[in-house]
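Use these hints to put chain A onto chain W, whose structure you have.
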Amino acid sequence: MSALDAAAPTFAVLERRSRRNLVVPVLFVLAVVVSIGTLGVGSYRVYFPDSVLALLGHGSHDQVNIVRTYELPRVLLAWLVGGGLAVSGALVQGVIRNPLAAPDIIGVTKGAGLAAVAALLVYPSTSDLELPLAAFIGGFAAILIVYVAAYRGGASPVRLALVGIAVSSVCETFIRLLLIKHVTAIGTALTWLTGSLAERGMTEVYECAIWMGVLLPLAYLCSRRLDVLGLGDDLAAGLGERVEHLRRILLLLGVGIAAAAVAIGGTILFLSLIAPHMARRLVGARHSLLLPASFLLGALLLLVSDAIGRGIDPPIEIPAGLITALIGGPYFLYLLAKAV
Amino acid sequence: MRLSGNGLTLSYESVTVATDLTLEIPDGKVTVLIGPNGCGKSTTLRALSRLLRPKGGSVILDGKDIHSYSSKEVARRLALLPQVLLTPEAISVRELVAYGRHPQRRSIAALRDEDREAIEWALAATGMTELGERPVDQLSGGQRQRAWIALVLAQGTDLILLDEPTTFLDVAYQLEVLELLRELNASQGKTIVMVLHDINMAAEYGHQLLAMREGKIVATGSPHEIVTRELMREVFGIESHILRHPDTENPLCVPVPVPGVTPATAAALA
Numbered sequence: 001m002s003a004l005d006a007a008a009p010t011f012a013v014l015e016r017r018s019r020r021n022l023v024v025p026v027l028f029v030l031a032v033v034v035s036i037g038t039l040g041v042g043s044y045r046v047y048f049p050d051s052v053l054a055l056l057g058h059g060s061h062d063q064v065n066i067v068r069t070y071e072l073p074r075v076l077l078a079w080l081v082g083g084g085l086a087v088s089g090a091l092v093q094g095v096i097r098n099p100l101a102a103p104d105i106i107g108v109t110k111g112a113g114l115a116a117v118a119a120l121l122v123y124p125s126t127s128d129l130e131l132p133l134a135a136f137i138g139g140f141a142a143i144l145i146v147y148v149a150a151y152r153g154g155a156s157p158v159r160l161a162l163v164g165i166a167v168s169s170v171c172e173t174f175i176r177l178l179l180i181k182h183v184t185a186i187g188t189a190l191t192w193l194t195g196s197l198a199e200r201g202m203t204e205v206y207e208c209a210i211w212m213g214v215l216l217p218l219a220y221l222c223s224r225r226l227d228v229l230g231l232g233d234d235l236a237a238g239l240g241e242r243v244e245h246l247r248r249i250l251l252l253l254g255v256g257i258a259a260a261a262v263a264i265g266g267t268i269l270f271l272s273l274i275a276p277h278m279a280r281r282l283v284g285a286r287h288s289l290l291l292p293a294s295f296l297l298g299a300l301l302l303l304v305s306d307a308i309g310r311g312i313d314p315p316i317e318i319p320a321g322l323i324t325a326l327i328g329g330p331y332f333l334y335l336l337a338k339a340v
Numbered sequence: 001m002r003l004s005g006n007g008l009t010l011s012y013e014s015v016t017v018a019t020d021l022t023l024e025i026p027d028g029k030v031t032v033l034i035g036p037n038g039c040g041k042s043t044t045l046r047a048l049s050r051l052l053r054p055k056g057g058s059v060i061l062d063g064k065d066i067h068s069y070s071s072k073e074v075a076r077r078l079a080l081l082p083q084v085l086l087t088p089e090a091i092s093v094r095e096l097v098a099y100g101r102h103p104q105r106r107s108i109a110a111l112r113d114e115d116r117e118a119i120e121w122a123l124a125a126t127g128m129t130e131l132g133e134r135p136v137d138q139l140s141g142g143q144r145q146r147a148w149i150a151l152v153l154a155q156g157t158d159l160i161l162l163d164e165p166t167t168f169l170d171v172a173y174q175l176e177v178l179e180l181l182r183e184l185n186a187s188q189g190k191t192i193v194m195v196l197h198d199i200n201m202a203a204e205y206g207h208q209l210l211a212m213r214e215g216k217i218v219a220t221g222s223p224h225e226i227v228t229r230e231l232m233r234e235v236f237g238i239e240s241h242i243l244r245h246p247d248t249e250n251p252l253c254v255p256v257p258v259p260g261v262t263p264a265t266a267a268a269l270a
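Protein chains in written order, with the numbering used here: chain W, 1 to 340; chain A, 1 to 270.
Chain A extracted, bound-state conformation:
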């Protein structure tokens, strides 16, 4: 196991977001963090990728505290795709993906052969080779997200962390992105850690689910262990039916509508 967190206390300035988090990221698996808004799942991902220094506890990467590495060293072992991405103007997909080689390159040196290979491989792996010369701002939502994933892949790390990689995408593009990640995990053995909003997508694509609520990890386990009526009630505060996906047998959470859950609105509308 290359990446784990030990007794983490995470906070932004004086606001504590999570306390006493202990988690292990199994190698070669897809781990998905789920939980309601503000439960600290994105913050946890930031701590795991060295973007946030924990107030207490430590993140262990390859046997050492992640903060004992330089940021460049971390970038050569672990790649992060954040939620907020700024697309530069007038830049081609290949140029964008080339920035993935930044941690390996010296300041103004030209691309070396190994950089080129990594870039071409990342484009091929994400099915973007054909679109390599296309300006990024002219891509569809799914293509653009694939271009960003290609950038992260070009970093050449086995550990890939993604913060809500499907958030702004239509459902077809969500599938496109998640299938790509599953494929990378299956064929390349990449360890993937991601935050997802959609419980059913998490159940479908995750090997291990971490359910968080109010800065704590409530439960860790396989989709069948996590997506249960009791845990959905505890984690999300919803009543639900748990079905089986007709094709994949994975659990499906179908929320039960609760009339009058917002009494004030109901009263105002009456």
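Excised from the complex, chain W in its bound form:
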């Protein structure tokens, strides 16, 4: 009897641990399957397996062209942008130590949005290459302002969140002001603000891949430092971390990843909040598992959202950002109801 009692929790723990280690491979396979499955969805439907054959160069000229030029970049961008947003959310949540924090909250998303809208509306000649740059600069400017304003011998997580919300609101106000002043030309700006993967090509994929290829591995290298930071500032310092320095580096990484994602995909809301949160429920709080799981969940969510958006009523496209908001809003409410 006592032996059984002692064994029972051990089994539960073993099961939990092996289940956790399975999450990342399972999510990866799932994301690959969904990528292939949704490859041909859209106004020119090319279904599996024709879509895969077309990707490999077999099929009609049109099919090959459509899949390679229009469909493939979207799927790849869903991985990069969705996964990137989710990882940046996990980083920011780790730094701010609040599962309800996200780049949306500390001002990055709105800052990037404001800069991009200003570029689009005030300088209509802005090229497709300059727009991501503007978004990037805007996101960084916002977090810089937030960090400096929150700094008082160190930037406490609570102050970062509060100042971030304030800066976000100010950015939002200016975005609206710009939209009102330039009513005739707001079409592109609105699409961008909603967040969408439409009309992106391989150029955007390469741009995004370079950023993510550098920043995501760097973030992964910081996994255990993120864990240690989660034990409290003083203990992290006692374990040899320069806490303020570390927080700055991690925020910068999170912002860089978010800005790279937003620059290409627009302000896709809620993804950076809910994907890491779901991941935490599946794999726990250790970042060596949490970051990869977040990436894959973010990719999955955006793949599905984008596929729904373009498949639900073709040829009309519903921006993926609207779908993520439709999924994310209720999930957010559920979180609030549970956590607060």
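Everything labelled a hint here was simulated from the structure, so no lab data went into it.
Please read these numbers as outputs of a predicted model, since none were measured by experiment.
The C-beta atom is built at its ideal place from N, Cα and C for all residues, glycine as well.
Please note that the accuracy of each hint is not assured.
[Claimed, not checked] Chain A is faced by these chain W residues, among others (derived, beta-carbon under 8 angstroms): (1) L218; (2) L221; (3) G284.
[Stated by the list, open to error] Which chain W residues stay away from chain A? Per the calculated CB distances, all over 10 angstroms, these: (4) N21; (5) A134; (6) L231.
[Unchecked claim] Quick look at which bits of chain W chain A covers, simulated, 3 or more residues with Cβ under 8 angstroms: (7) 240-252; (8) 285-295.
Then chain A, alone, in the frame of chain W:
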């Protein structure tokens, strides 16, 4: 003597908490900082562990200014258990204790054999081996505090600083934690420095007591030298009887009730 403070002036931004503190931490002994709230004892501990850079004076660790070391180097010589600890969700005791090896590990390297040994030793020393796979958030107060102490032990340092390690615990758990620390000192020769609120616990478990008041060290000495009527009056502003513990002969401070010590409240209640 590996750790000492020399003419320390400690402040948070513009608020000066302590001035001209000089203190020595004897090796292989248990040193306890006591004093009323806000006297600067936790701040002193932060300075001793390099968390706070003194405005004046210096903390000397192994013959050099503690700020001439990198924070990693300090973490390999001295471990700190702060008062405020955040328990991560869904993490086992063994996983928590493994973070004690953080200063010795490279960023994503797996645990080495010496890390594993240190972790298992720390679990055994704190009596947590059996609970190694238990989630930390399912432990009792005393068990949880022992898990945190195991984390600090896994760091493998001879110097251990603890900021009020018993504060949120019931008296039975307080004893559990303090007995563990005494045992670590006696059997492993660990040098222990801690802040305690309870004078009698300090007298029971400390070899050296540092009594602080308003940012100054009022007196340093053995429990019998510190726990006296005069010093209790000077340090805590209380009248007291000093008794002897029937078993251990250590001093016991029993405060004398002072009616009307808060005249406003007394008047309001009358």
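Verification of the hints:
1. L218: Result: violated, 10 angstroms to nearest chain A Cβ.
2. L221: holds (5 angstroms)
3. G284: Constraint on G284/W satisfied, holds at 4 angstroms.
4. N21: holds (13 angstroms)
5. A134: holds (34 angstroms)
6. L231: violated (6 angstroms)
7. 240-252: holds (count 3)
8. 285-295: holds (count 3)
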